[in-house]
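Heads up: the protein sequence lines correspond to chains A and B, in order. Its first residue numbered 907, the first sequence is counted upward by one per residue in my numbering. Its first residue numbered -5, the second sequence is counted upward by one per residue in my numbering.
Please keep in mind that the hints were generated in silico from the structure rather than gathered at the bench. Hints may be right or wrong, so weigh each one.
Computed beta-carbon distance windows for the label pairs [said to hold, decoys possible]:
#1 B:Asp10 <-> A:Gly1226: 45 to 51 Å
#2 A:Arg1205 <-> B:Thr55: 29 to 35 Å
#3 B:Asp49 <-> A:Pro1123: 39 to 45 Å
#4 B:Gly18 <-> A:Ala1175: 49 to 55 Å
#5 B:Thr55 <-> A:Asp1108: 46 to 52 Å
#6 B:Leu33 <-> A:Asp1137: 44 to 50 Å
#7 A:Ala1072 <-> B:Lys21: 48 to 54 Å
Bear in mind the structure is a predicted one, so any value in this text is a computation, not a measurement. In this text, a Cβ means the ideal position worked out from N, Cα and C, and glycines have one as well.
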Amino acid sequence: MATATLEGALTIRLRIGDPVAVDPWLHVDVISTRNTRLGRLLAGRPIAEALALVPLLFSLCGCAQGVAATRAVEQATQTPADPAIEAARDILVAGERLESHIWQAAIEWPRRLGLKPSPPDIVAVRTGVAALRQILTASMLNPMRRDPVDPQALQGAIDRLEATIATLFPGLGAAVATPSSWATWARSADPPGAQLIRRIQDRGWSDFGRSDTIPLPELSAAWFGTRLAADEGFGARPLIGDATDPGPRAETGPWARQQAEPLIAALTAQHGNGLLPRFAARLLEIVTLPNTLRGHAARMLAKPGPGSPAAGHDGDTVTGCGAGIADTARGRLAHWVSIADGRITDWRTVAPHEWNFHADGPLVRGLRGARAGTGDDDDLMVAADLLVAALDPCVPCTLERCDRGTPAHPGTGNNHA
Amino acid sequence: MCLALPARIVALLADDEAVVDLGGVHKTISLALVDDVALGDYVIIHTGYALSRLDPAEAATTLALISEAQAPAPVRSR
């Protein structure tokens, strides 16, 4: 197949019911051509070769993919990493999360607001994250040396990154402290994040996309390992429950992660998982990630570190299964691997996208609740596009509007979905 | 899953833009996020921007891996 189409795409078709007749609600068809079985490309390869290939396959979350894969292999081979190394990996994954969030704020949000994207903002943050990466890969994460990290260099890099964020989002750090400071910031500040929040509030879209989906619980690597091992289709259609009792539909990502934050709890109490709490959670993560990095750095520096190259495993004979997780900007990512005699026999993953764009998940249920025919159809499409942005698909996504009266997509039935 | 597909620069345009060849499909992209890109270089692209430059060996490895993938069947849902 053509390389350009291998990435896949997401098409969301909205059929708006007749405003006065039978059915004024919105119907949603989701057509996904995303490849969820790339892991099979790794089958048959030696462990080290497979691990080297994983980060090459993914553009925005290559670091998290590599970390989740490595953790899965370490569990399968019963060679757990030193706690200091685990903390260093968490720093890299959190840095990648920040880069991805800034992409949204600098490119995707301005596009939807009719503003000019700001690539220099991304360059500034990428430079800061690259400095962190350079410090760690030259020391603690250098597999041939495992040298201690220079604490001052690391703290300095985090401080500079925090200063960059403060420059790009003035006032946001104080704004996320309380609902009232948040409201003041959103009314008066200038960054695209504040403009986006104002647009949502002014148009009455704070609740748009609200549904009964729950925040994905803090599920462990072992939980993901059990589900991925038992069901080859889990990576394409994940559920908390099973086929007979699917359980509540779940959402992963910033809103799910930040439920304990007072601002997000307050906004959620008022607006559920509508647009406002979802975008607020992403903004909160942007401004608090430097502190998250400090926490990981403190964990890392509190441990002496291995001080020598990893002992590793007997690559030619090792056999076992294992799972690993990492938290990307879009949510929790999990890998599961099966190894026999030092070679990969199966590799399965579940990406955050599959929870959030599940055929009966947060996007579909959020749109299903949107009343069509009571407002302007163009407005509805703009709000739906913001919901897509809030859930942040990892493949190109197209929203299509079907004319009133258009039959449902073949095979989709006549449900409100 | 944000697949990293290597795209080859086939033309450099004004205003920090370029045309890339992605498996036979030509697209115009922005080079605002990468420095010193030359004709024939491979880059990873995302929503119209070159994210990073790949060295030829990395690009060849990734392209070989991707060529092994089979076409996914569309999954249709409600």
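Verification of the supplied hints:
1. The beta-carbon spacing between aspartate 10 (chain B) and glycine 1226 (chain A), approximately 49 Å, falls within the hinted interval of 45 to 51 Å.
2. At roughly 34 Å, the beta carbons of arginine 1205 (chain A) and threonine 55 (chain B) sit within the given window of 29 to 35 Å.
3. For aspartate 49 (chain B) and proline 1123 (chain A), the hinted distance range of 39 to 45 Å is satisfied, since their beta carbons lie about 41 Å from each other.
4. Separated by about 52 Å at the C-beta atoms, glycine 18 (chain B) and alanine 1175 (chain A) satisfy the suggested range of 49 to 55 Å.
5. Between threonine 55 (chain B) and aspartate 1108 (chain A), the C-beta spacing of about 49 Å keeps the proposed range 46 to 52 Å intact.
6. Against the hinted window of 44 to 50 Å, the Cβ-Cβ separation of leucine 33 (chain B) and aspartate 1137 (chain A) comes to about 47 Å, which satisfies the hint.
7. At about 36 Å, the beta-carbon gap between alanine 1072 (chain A) and lysine 21 (chain B) misses the expected band of 48 to 54 Å.
Checked against the numbered hints above, the structure breaks only hint 7 and satisfies the rest.
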